[in-house]
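Chains as they are written, first to last, in our numbering: chain A, 1 to 265; chain B, 1 to 96.
What the hints contain is simulated information worked out from the structure, not anything from laboratory work.
Just the calculated beta-carbon pair ranges, DEER-fashion:
hint: 1; chain 1: A; residue 1: Leu93; chain 2: B; residue 2: Ala12; range: 47 to 55 Å
hint: 2; chain 1: A; residue 1: Ser136; chain 2: B; residue 2: Ala12; range: 24 to 32 Å
hint: 3; chain 1: B; residue 1: Ala12; chain 2: A; residue 2: His238; range: 17 to 25 Å
Chain A residues, not near chain B, derived (Cβ > 12 Å throughout):
hint: 4; residue: Gln14
hint: 5; residue: Ile32
hint: 6; residue: Lys52
hint: 7; residue: Val70
hint: 8; residue: Pro109
hint: 9; residue: Ala133
hint: 10; residue: Lys220
Beta carbons are placed, not taken as given, at the ideal position from N, Cα and C, and that holds for glycine.
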Amino acid sequence: MPAQPDGNGLTDLQHRFAHAVLQAPLAVPSGIRHDVRPTRERRFGVYRNNVKASLAAALAARFPVVARLVGDEFFTAMALVFIERHPPHSPVLAEYGAAFANFLEGFDPAADLPYLPDIARLEWSHHVAFHSADASAADIGRLAELPPEALGSVRLGLHPAMAVIASPWPIVSVWATNTHDATPEAPAAGWTGETALVTRPHLDVLVQRLPPGTDRLVAKLAQGIALGAAAEAVSRAHDSFDLATALSTLFGAGAITTLSQGSSS
Amino acid sequence: MINRTTTAALAAAVAAAALMSSGANAQTANADKERCYGISMAGKNDCAATGNNSCAGQSKADYDAKAWKYVAKGSCATMEVTLKDGKKRMGTLAPM
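Kindly generate the complete structure, drawing on both the sequences and the hints.
Now the structure itself:
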């Protein structure tokens with residue numbers, strides 16, 4: 001691009017242009033050439049429409065289950081409100097939508113679907129996991145090979161693409177049936193809370209239910225607490241916690257990447 | 001402090017976990033599914049091999065032969081779809 005004689009002026013104009021594109025009530029920025037008065041607004045309107053329509057389409061692609069649950073028309077209207085209140089802060093489209101779940105919590109027209117924000121959290125984690133760094137998952141065999149007295153002080157490192165979403169709603173069931181089935185089915189285990197584990201051991205993002213208490217174990221492991229102390233604390237707080245099932249699920253999903261020895265606390 | 005009972009319990013749990021893992025693989029929401037090509041409606045695909053869309057929900061055409069959808073394992077080849085021209089086609093496990 002040729003150097004602009006007035007570089008700062010151009011940057012300033014671009015900022016005001018971008019701002020006005022996303023804020024509908026704002027006037028067309030001064031400095032936009034206005035040879036013919038009525039077409040100036042109309043032409044700027046083309047920018048507004050294109051930007052908003054493509055952001056809404058990006059949100060629909062990122063939150064397909066939310067879109068399916070509320071319907072396309074409702075979703076687009078809802079997305080436009082979100083775009084107005086939460087314009088993108090980054091030029092990277094893949095980073096857009098992080099605030100969507102929180103926005104849904106305060107969005108009254110969608111209050112009939114109280115589980116919608118948690119579904120959005122699950123879908124956002126799915127999206128983030130897809131773009132997260134690669135790491136090789138550790139096999140549970142490595143843990144089983146350790147001498148029994150070393151197990152208590154082993155620290156388990158978590159995969160960078162891993163996420164846990166605890167919900168009072170059956171979010172994994174709702175997500176799975178609306179992702180895979182032409183006709184959504186009711187949750188098999190009834191309308192009870194589920195905790196989702198999102199991992200990406202290889203190229204595909206996996207979503208599964210975490211057994212009871214396992215999310216607490218993950219939280220302890222994430223703090224760098226050794227396996228012995230972490231398992232003991234969770235067992236004490238949750239009667240239904242089963243360490244074997246928890247470890248099998250976490251290793252099976254590729255949620256654990258490293259095993260390291262440290263002094264026990 | 002880790003006493004002997006806890007060590008034994010830990011070792012038992014780890015051994016049991018290793019056994020569980022060697023038997024059935026993790027029960028993921030999509031582990032018992034297979035990729036089935038050519039059966040998804042526009043915008044309802046789970047991903048695609050190549051071509052006109054980047055991934056989930058982005059296919060532009062019904063029954064795009066390169067777009068796939070997770071279906072229950074073993075059921076892909078039995079999925080019959082009716083194309084726009086009235087022809088019928090089964091799903092395939094590889095892009096068409």
